[in-house]
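There are 2 protein chains.
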Amino acid sequence: MSLAQALFAPRAVALVGASGDASKNTARPLRFLRKHGYGGRIVAINAIRSQVLGERAYTNLADAPGTIDHAFVMTPGDTVELVVEACGARGIPVVTIFTDGFAETGPDGAARQARLAARARALGVRLLGPNSMGVIDIPGKLALTVNAVLEMDALPAGTTSVVSQSGTMLGTVLSRGAARGLGFAKMVAVGNEADLGVGELVELLAEDRDTRVILLFLETVRDAARLAAATRKAHAAGKPVVAYKLGRSGLGEALARSHTGALAGSDPAIDAYFRDCGILRVDQLETLIEIAPLVAGRSPPALGRAPRVAVVTTTGGGAASVVDRLGMLGLEAAAPDEPLRTQLSALGVRVSGSPIVDLTLAGTTYTYDAVLQALLDSQSCDAVLAAVGSSAMFHPQLAVEPILHASPRPKPLAAFLTPHAERSLALLAAKGVPAFRTPEACADALAAFFAWRVPRTQAALPAVAWPDGLPRAGRLDEAQALALFAALGVPVAESAAARAPDYRHALAYPVAAKVRSPDIAHKTESGGVALGIANRAEFDARVPALLAAVAAAHPDARIDGVLVQRMEAGLAEAIVGYRHDPLVGPLVLVGTGGTLAEIYRDYALALAPVTEDEAAAMIAEVKGLATIRGYRNLPRGDVAALARAVAALSRLALVAGQPVAEAEINPLIVRREGVVAVDGLVALQA
Amino acid sequence: MSLAQALFAPRAVALVGASGDASKNTARPLRFLRKHGYGGRIVAINAIRSQVLGERAYTNLADAPGTIDHAFVMTPGDTVELVVEACGARGIPVVTIFTDGFAETGPDGAARQARLAARARALGVRLLGPNSMGVIDIPGKLALTVNAVLEMDALPAGTTSVVSQSGTMLGTVLSRGAARGLGFAKMVAVGNEADLGVGELVELLAEDRDTRVILLFLETVRDAARLAAATRKAHAAGKPVVAYKLGRSGLGEALARSHTGALAGSDPAIDAYFRDCGILRVDQLETLIEIAPLVAGRSPPALGRAPRVAVVTTTGGGAASVVDRLGMLGLEAAAPDEPLRTQLSALGVRVSGSPIVDLTLAGTTYTYDAVLQALLDSQSCDAVLAAVGSSAMFHPQLAVEPILHASPRPKPLAAFLTPHAERSLALLAAKGVPAFRTPEACADALAAFFAWRVPRTQAALPAVAWPDGLPRAGRLDEAQALALFAALGVPVAESAAARAPDYRHALAYPVAAKVRSPDIAHKTESGGVALGIANRAEFDARVPALLAAVAAAHPDARIDGVLVQRMEAGLAEAIVGYRHDPLVGPLVLVGTGGTLAEIYRDYALALAPVTEDEAAAMIAEVKGLATIRGYRNLPRGDVAALARAVAALSRLALVAGQPVAEAEINPLIVRREGVVAVDGLVALQA
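Read top to bottom, the protein sequences are chains A and B. Read left to right, the first sequence gives residues 1 to 686 (the working numbering). Read left to right, the second sequence gives residues 1 to 686 (the working numbering).
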């Protein structure tokens with residue numbers, strides 16, 4: 001018996017703590033299993049009753065007869081360990097724990113959960129949960145859950161499967177999908193993921209014959225590496241993975257700080273991770289439900305330009321609401337090109353300069369059919385959207401007939417229905433046509449579809465040696481940081497240490513002087529930086545003043561003279577950063593330098609290491625770097641050299657043991673030719 | 001008979017062009033009027049039939065008996081003028097024209113429409129449309145429309161009225177509202193607004209006894225001044241006005257240009273206008289429908305800080321999806337304060353540091369009631385949101401009972417329902433509790449509510465005299481522009497004209513020199529600007545070089561020497577602009593100066609003129625100006641002087657005849673003390 005079989009298709013299920021009171025939550029699994037036609041054996045375990053809702057009940061698992069493949073545990077928290085022990089003793093391979101009060105409550109609960117998971121592992125028992133609402137397999141007729149939505153009369157079967165970190169969301173997805181004719185295959189609430197996690201479940205679903213699309217409702221990512229591998233497996237099996245993830249607004253505070261780590265707050269890191277994995281990310285909750293038919297059976301498009309959506313409608317206002325939204329998301333509504341115009345003209349459809357093909361006047365079914373097919377076959381667009389008006393409510397067959405007729409093409413055809421029109425939505429769903437209730441979800445889905453990429457295959461890059469003489473703990477000082485950047489292949493400004501009494505150095509003027517101290521993190525704020533020193537006389541005047549200012553600000557700081565550096569100038573300042581994210585691992589960042597860029601949070605992020613081509617693509621995403629990409633009459637900067645520097649810093653991910661926690665070149669000066677790092681910081685792993 | 005009576009409560013309606021074929025669109029008004037219980041007389045006009053759907057029909061209006069208050073015209077475009085003529089002859093006061101093919105088709109149609117409107121005016125006939133889907137008054141039992149959604153059995157009566165520029169959207173709002181128990185009073189599709197426009201309809205609704213909230217679906221604004229007055233009338237009557245407006249993404253291209261006009265693209269102008277009018281703007285289409293109970297009977301809140309929303313739930317995942325979205329919109333989910341924690345503790349509710357009060361364990365109805373009331377009475381939040389889980393689907397009464405019980409407070413209580421749960425939505429709607437289908441609409445509505453302001457009362461400011469000697473047409477040259485700014489009270493850089501042969505001037509160095517030419521708009525790009533000239537020798541070298549460069553770039557340009565200007569330096573550069581927007585009138589803008597700010601489109605916009613306090617509030621909205629408001633250790637700039645300059649430029653709106661089309665100070669240099677304008681442009685109305 002495989003894990004998937006025990007989880008989704010158990011021959012017998014034990015309901016531990018099943019209540020005899022039909023109104024209780026803990027009575028639901030028994031009621032739902034029966035109601036939805038479970039074909040296996042149900043074994044009720046109840047400490048005091050011998051019957052539960054008409055089912056023979058046993059005092060404990062040890063007394064229950066026959067082989068049991070899956071136990072569903074609803075007993076109080078302090079009994080769960082004993083139940084798992086009993087499951088191990090009986091050789092039950094999978095235990096789903098509904099009971100809560102574990103890691104989600106704090107450190108004590110987390111400790112109990114860790115103990116539970118360790119014991120289960122030792123017993124060879126796989127755990128789902130704790131704090132899991134259960135497992136549903138609609139084609140397999142398994143409704144092993146306490147979610148109240150399962151009171152529905154018939155569960156809608158389909159080929160979309162769902163893994164959720166929220167139990168409630170199983171009901172949200174199921175009930176909302178059912179209301180518009182969308183069905184599901186397997187649905188799993190993973191709870192606290194003490195053992196079985198999202199990644200392993202995606203692996204199982206990648207192998208599952210009933211599943212064509214995998215939807216994820218996520219609050220966090222607990223097993224990034226495993227999920228990354230699983231999504232690649234799903235991709236290889238032709239199964240798109242779509243995620244709706246919370247935590248998009250937790251940035252605020254952290255972003256006010258100055259380090260790379262802060263700039264690259266965790267949600268942008270998750271975004272970079274999803275992109276790397278080929279996971280489509282949706283913004284709106286209902287998009288998660290409605291997007292499945294849009295992606296099922298399709299591959300990531302690879303346009304290399306703004307996607308163009310053709311819009312056909314009998315209702316101008318309805319279509320405009322989607323077009324407006326598409327524009328907000330960077331998609332174009334495509335006006336017909338010349339060949340298409342000729343075709344449409346022949347069909348009696350007059351096309352103005354508007355991107356919307358309005359059939360108000362010509363809108364017979366015959367015309368609509370022909371227009372749709374012409375759009376689907378045209379080179380002028382990458383997707384076709386049909387906006388359907390008020391008739392969708394009471395004349396569903398008529399209103400959506402042309403859309404149902406259209407011969408499937410690799411190019412997506414989607415529909416937005418303006419009125420409340422569940423029957424029309426269901427007709428479309430039955431034919432596999434993506435159909436949307438709101439203009440926002442419609443545009444969100446199309447944007448996610450066109451942003452979809454194949455999972456990245458990381459280039460096999462050689463390991464990087466840690467430069468001799470640099471520490472492997474604590475922070476590097478500026479000179480050490482620059483030495484590290486140089487060792488990675490980043491050009492750095494010429495510099496030299498200058499010490500008392502005469503602070504001699506051999507650099508040509510103009511120079512900058514910066515205090516050297518292991519105790520001062522913010523040199524500029526402490527008065528420890530002098531820029532644009534033109535000659536020796538000025539140097540001799542300003543360095544003592546600088547040291548005096550620092551001493552006043554930090555009387556106890558150890559000071560080791562100054563670092564003298566050639567003054568560098570260029571066209572723009574960039575920031576290049578590296579960070580080991582606790583969730584998703586090594587990341588590289590590139591953004592515009594300076595205070596304004598920090599305020600606007602304008603940067604691009606990717607999983608490290610990246611190639612120069614990948615770095616160039618990142619640079620293209622940074623709005624503020626437009627100034628060096630050829631903006632108005634401004635001179636172009638050396639974007640290729642910047643890309644080389646980004647790729648170079650990203651290779652910190654290739655140092656054995658990944659000793660660097662975060663690194664930042666700030667600023668990296670971009671010239672017409674070349675780049676040069678003039679300051680930076682490096683913090684090593686604790 | 002008042003306009004409102006003829007429009008919404010006609011004693012008799014003529015249906016001109018009513019079809020006898022029940023399946024035709026043009027048969028709908030007769031069917032719908034009957035179906036929904038119209039109590040007045042229906043007069044069918046059909047050129048060839050004497051009976052229409054069992055109703056006696058007349059060949060033309062002249063033959064029809066009795067007084068007719070309202071004609072609904074569905075005949076082909078070329079007949080409409082004759083019909084209006086006939087309406088005038090019979091003294092029919094209001095004519096709604098469903099027929100399309102007028103201004104929406106281009107210049108010819110626009111000309112026919114203008115002729116029609118002029119003739120109607122002469123006849124004393126008021127027009128709704130053309131291209132109008134009609135008028136609905138649900139309490140008044142008038143369903144004078146062709147919208148197919150009216151096939152519904154019973155129309156839901158309520159106190160929300162709707163004015164829409166899209167006819168389809170009447171059906172969208174009505175059907176979606178009905179599905180969740182939300183009702184409506186009057187609904188009007190204004191079509192092309194040849195006569196009756198959105199502004200006048202809002203005026204009528206402000207006086208309408210059945211209307212408590214006014215919703216607008218807008219594609220454009222055609223009568224800004226009248227709508228502005230109408231919204232003030234509605235505000236005085238305690239009726240909130242909410243708008244969903246398209247056109248948010250048409251910016252792209254225009255924004256790439258360099259002038260104020262471009263930076264202040266029309267959607268931000270509309271935003272500024274709505275704010276000025278006290279119109280709440282919603283982002284998502286369904287928010288327009290669902291927001292009504294949230295604003296009905298309420299006044300604009302005036303918090304002066306980030307709004308705090310308390311969240312209570314029995315479902316963590318559902319609540320988190322709204323909280324995440326609230327955060328994205330700048331609202332805070334408020335964790336309970338100390339007094340509230342004590343209260344909740346006493347109710348057996350443990351509150352961790354989380355902003356979500358989760359009743360999973362303690363969730364009896366009694367507890368829920370008490371917790372809700374405690375939150376509604378607490379000082380720690382400005383609104384309360386209840387997120388309801390899966391039980392809302394099949395146990396609506398139980399799931400939403402505590403919310404229905406809660407005693408109304410001035411502080412809003414809203415609900416988000418995670419499953420598909422129309423009955424629960426209807427129960428809440430019946431009690432006037434705002435309830436939302438999606439986390440996005442829920443957060444959007446709360447954000448719009450808290451951004452809601454009372455309509456602005458413009459301070460009575462004295463008229464401004466146009467400075468002597470300045471032209472009133474064409475463009476001002478730089479010296480003239482600076483003279484205008486100075487006359488308004490903006491400090492400007494000291495400057496002087498210098499001409500051949502020796503370009504003598506009396507300014508102290510360092511200076512800038514800029515070519516003077518009426519033919520060159522982009523001086524810098526043409527090589528016509530020299531900055532940082534340190535002394536006379538450098539001046540004598542660089543000015544001829546500058547003039548040579550300009551002559552090479554623009555061989556035919558007339559050149560009148562150079563403008564010499566004191567070099568100015570400060571902490572930051574700002575841009576201050578003024579524009580006469582074709583839709584909403586005079587606008588003032590303030591943003592960060594420089595290329596990056598242009599790229600990030602970071603500016604604030606308001607209707608001009610503004611006071612210094614209003615200008616200060618605008619400055620606070622500009623992210624990039626954080627650098628002078630006290631950011632990290634950066635020195636503070638003179639924000640008050642900047643505000644004075646913004647207010648000063650905005651007074652261009654007070655010049656008789658508003659001769660200025662656009663003006664821009666760019667840059668305005670902000671110092672520690674004071675500001676100074678160093679360049680700018682002024683274009684006068686054509």
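Quick caveat, the hints were computed from the structure, so don't treat them as lab data. Be careful, since some hints might not be right.
No more than 30 Å apart at the CA atoms, straight line, and that leaves these computed lysine-lysine pairs for DSBU-like [as the list claims (entries may be wrong)]: (1) K35/B with K233/B; (2) K35/B with K24/B; (3) K233/A with K431/A; (4) K523/A with K431/A; (5) K233/A with K523/A; (6) K35/B with K141/B; (7) K623/B with K623/A; (8) K623/B with K523/A; (9) K431/B with K24/A; (10) K623/A with K141/B; (11) K35/A with K141/A; (12) K623/B with K431/A; (13) K141/A with K431/A; (14) K431/A with K35/A.
Fair warning: this is a prediction, and the values are worked out from it, not measured in the lab.
Outcome of the hint check:
{"no.": "1", "hint": "K35/B with K233/B", "verdict": "35 Å, violated"}
{"no.": "2", "hint": "K35/B with K24/B", "verdict": "16 Å, holds"}
{"no.": "3", "hint": "K233/A with K431/A", "verdict": "28 Å, holds"}
{"no.": "4", "hint": "K523/A with K431/A", "verdict": "65 Å, violated"}
{"no.": "5", "hint": "K233/A with K523/A", "verdict": "49 Å, violated"}
{"no.": "6", "hint": "K35/B with K141/B", "verdict": "10 Å, holds"}
{"no.": "7", "hint": "K623/B with K623/A", "verdict": "16 Å, holds"}
{"no.": "8", "hint": "K623/B with K523/A", "verdict": "26 Å, holds"}
{"no.": "9", "hint": "K431/B with K24/A", "verdict": "29 Å, holds"}
{"no.": "10", "hint": "K623/A with K141/B", "verdict": "55 Å, violated"}
{"no.": "11", "hint": "K35/A with K141/A", "verdict": "10 Å, holds"}
{"no.": "12", "hint": "K623/B with K431/A", "verdict": "48 Å, violated"}
{"no.": "13", "hint": "K141/A with K431/A", "verdict": "23 Å, holds"}
{"no.": "14", "hint": "K431/A with K35/A", "verdict": "28 Å, holds"}
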